[in-house]
Each structure stands twice: as structure tokens, then as C-alpha cells.
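As you go down the protein sequences, you meet chains A and B in turn.
Straight run, no breaks: the first sequence in this note's numbering ends on number 180.
Straight run, no breaks: the second sequence in this note's numbering ends on number 221.
Keep in mind the hints are simulated off the structure, nothing from the lab.
Cβ atoms here follow ideal geometry from the backbone N, Cα and C, with glycine treated the same way.
Mixed in with the good hints, there may be bad ones.
[As the list claims (entries may be wrong)] Computed far set for chain A versus chain B, every beta-carbon distance over 10 Å:
id: 1; residue: Leu90
id: 2; residue: Lys126
id: 3; residue: Asp137
id: 4; residue: Asn142
id: 5; residue: Gly144
id: 6; residue: Gln145
id: 7; residue: Glu176
[As the list claims (entries may be wrong)] In silico DSS-like pairs for lysine-lysine, Cα to Cα no more than 30 Å straight-line:
id: 8; chain 1: B; residue 1: Lys198; chain 2: A; residue 2: Lys46
id: 9; chain 1: A; residue 1: Lys47; chain 2: A; residue 2: Lys93
id: 10; chain 1: A; residue 1: Lys25; chain 2: B; residue 2: Lys204
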Amino acid sequence: MTVFQYHADILRRFPLIAGGVLVIKGLCNQQSSPEVLSLFRNEQKKKLLQIGNTPLSELPTLAGWRTAFRGFGVDPTGYRNAAEALLRRLTKKGDIPSINTVVYLCNLVSIRYGLPVAAIDSGQIKGMITVRFARGDEIFVNLGQAEGDHPSVGEVIFTDEKDTVIARGWCWRQSEESAA
Amino acid sequence: MIVTIEAQNQDGVEIVIKAISDLKTLLELHVGGASSSYYLP
Numbered sequence: 001m002t003v004f005q006y007h008a009d010i011l012r013r014f015p016l017i018a019g020g021v022l023v024i025k026g027l028c029n030q031q032s033s034p035e036v037l038s039l040f041r042n043e044q045k046k047k048l049l050q051i052g053n054t055p056l057s058e059l060p061t062l063a064g065w066r067t068a069f070r071g072f073g074v075d076p077t078g079y080r081n082a083a084e085a086l087l088r089r090l091t092k093k094g095d096i097p098s099i100n101t102v103v104y105l106c107n108l109v110s111i112r113y114g115l116p117v118a119a120i121d122s123g124q125i126k127g128m129i130t131v132r133f134a135r136g137d138e139i140f141v142n143l144g145q146a147e148g149d150h151p152s153v154g155e156v157i158f159t160d161e162k163d164t165v166i167a168r169g170w171c172w173r174q175s176e177e178s179a180a
Numbered sequence: 181m182i183v184t185i186e187a188q189n190q191d192g193v194e195i196v197i198k199a200i201s202d203l204k205t206l207l208e209l210h211v212g213g214a215s216s217s218y219y220l221p
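Just chain A, with the same shape it has in the complex (with noise of 0.2 Å):
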């Protein structure tokens, strides 16, 4: 079933993009058990002897991720994409806190490959998402907050069919309501 895609306008602008999608039912979230917290905490330890010294922005995913921001406008170092987040939050602080188990899943699997995951809730969703730029008028609201503002004209979102807002700056941010 297909429940993801991108709009023609973004296949044209960034014609590297790849993109998977993972459809899961009858899962049950909970509170991360011990196992999942070790195998996080070693995926962590792995990591920042792996990157090192490296800056983060020549990771070659993250720097296409940096090449994606400008392409849209948007300053990849005051924007960064999800999982250059994860990965600056691991390297300056030694530790990435999460908040159930699905998350910590996500998390470690976005920093084993430094790509952006993202994990929606499609019970708070209408039908399909689509990867677009926006016109501007769209609402978004941040994780934490209740008050909505709007995305930039030419910003890439991500938007149901009733036109809610997702996720801004392509994997920058992702909205309160459909965060897993």
C-alpha cells in the first residue's frame, strides 16, 4: 500500500533523493526495556568511535542532506536535518535521551547510517503524505507547542490530504500530533 511519495516538482529539484517507507500494524510502543537500552547505548559507543575526529558535515549523508537544505534555501547549519541532530547531540553530549521504544529503535538506526528517520503516527493522519514545497498558508505545529505558525513559501513539507503540516524543513522538524 502506498502511503508516502514525492511530488513531481521534488523528483525534479533533487534527483538523488531515496527514500524508504516502512508500514507497520499491530505494533505495541512501550517503555524501552533493558535489552533495547543496552543495544542503543552500544549503537552510541560504536558511533562516536566510528565518526572520531570527522566533522560531522563530511559524513557523506549528511553533507547530501547540507547540499538538500541549501537547494531549498534553508542554512543546513542553523537547520539541521534529523540526524545530523542525533549525531551533534551524541558527539557534544555523549548521550541521546528517548522516549519509548519505537524511538530508540528509530534513533539508533538513524545514527548506525546518519539518515534522517521519521516515525508517524498514521492514526493522526489523513490518507496519503506527500513530500511538496509549500505554498506558505500550510499550519504547523512544533512538538511541544500548542500555537501553529507556517512554513516558508518554497520550504519543503511534509502533508496529508487535509493539507496538515507533518514535517518541516524536508527532516527538520516533525509536528506534535503525528509524532510516534
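Chain B: place on chain A using the hints.
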């Protein structure tokens, strides 16, 4: 739940396939459920 993993670099397709495979395995093991996957574009 819908999970997306995206890449914007030259080897992106291969990396995304590996990442989806790893995450599918981990989620099925630790939170259960039935999952299916596909790739774009």
C-alpha cells in the same frame, strides 16, 4: 505507524535499503506487529 528513511547522497539507495531492513527487524523483534516496506522514487 509509518516510518520513512531518506537519503540525498550518491549511495543513498543502497544505504536506505539496509537501514529499512535493520529497522524492520528491530521493530518486529521489540514492538511486534506486521510490517511491509517499499522504496521511492
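How the hints compare with the structure:
1. Leu90: holds, 17 Å
2. Lys126: holds, 13 Å
3. Asp137: Holds, since 24 Å exceeds 10 Å.
4. Asn142: holds, 19 Å
5. Gly144: holds, 20 Å
6. Gln145: Since the minimum Cβ distance to chain B is about 22 Å, Gln145/A lies beyond 10 Å and the statement holds.
7. Glu176: Since the minimum Cβ distance to chain B is about 16 Å, Glu176/A lies beyond 10 Å and the statement holds.
8. Lys198/B <-> Lys46/A: holds, 18 Å
9. Lys47/A <-> Lys93/A: Distance ~13 Å between Lys47/A and Lys93/A Cα, so the pair holds.
10. Lys25/A <-> Lys204/B: holds, 12 Å
In terms of the numbered hints stated before, the structure departs from none.
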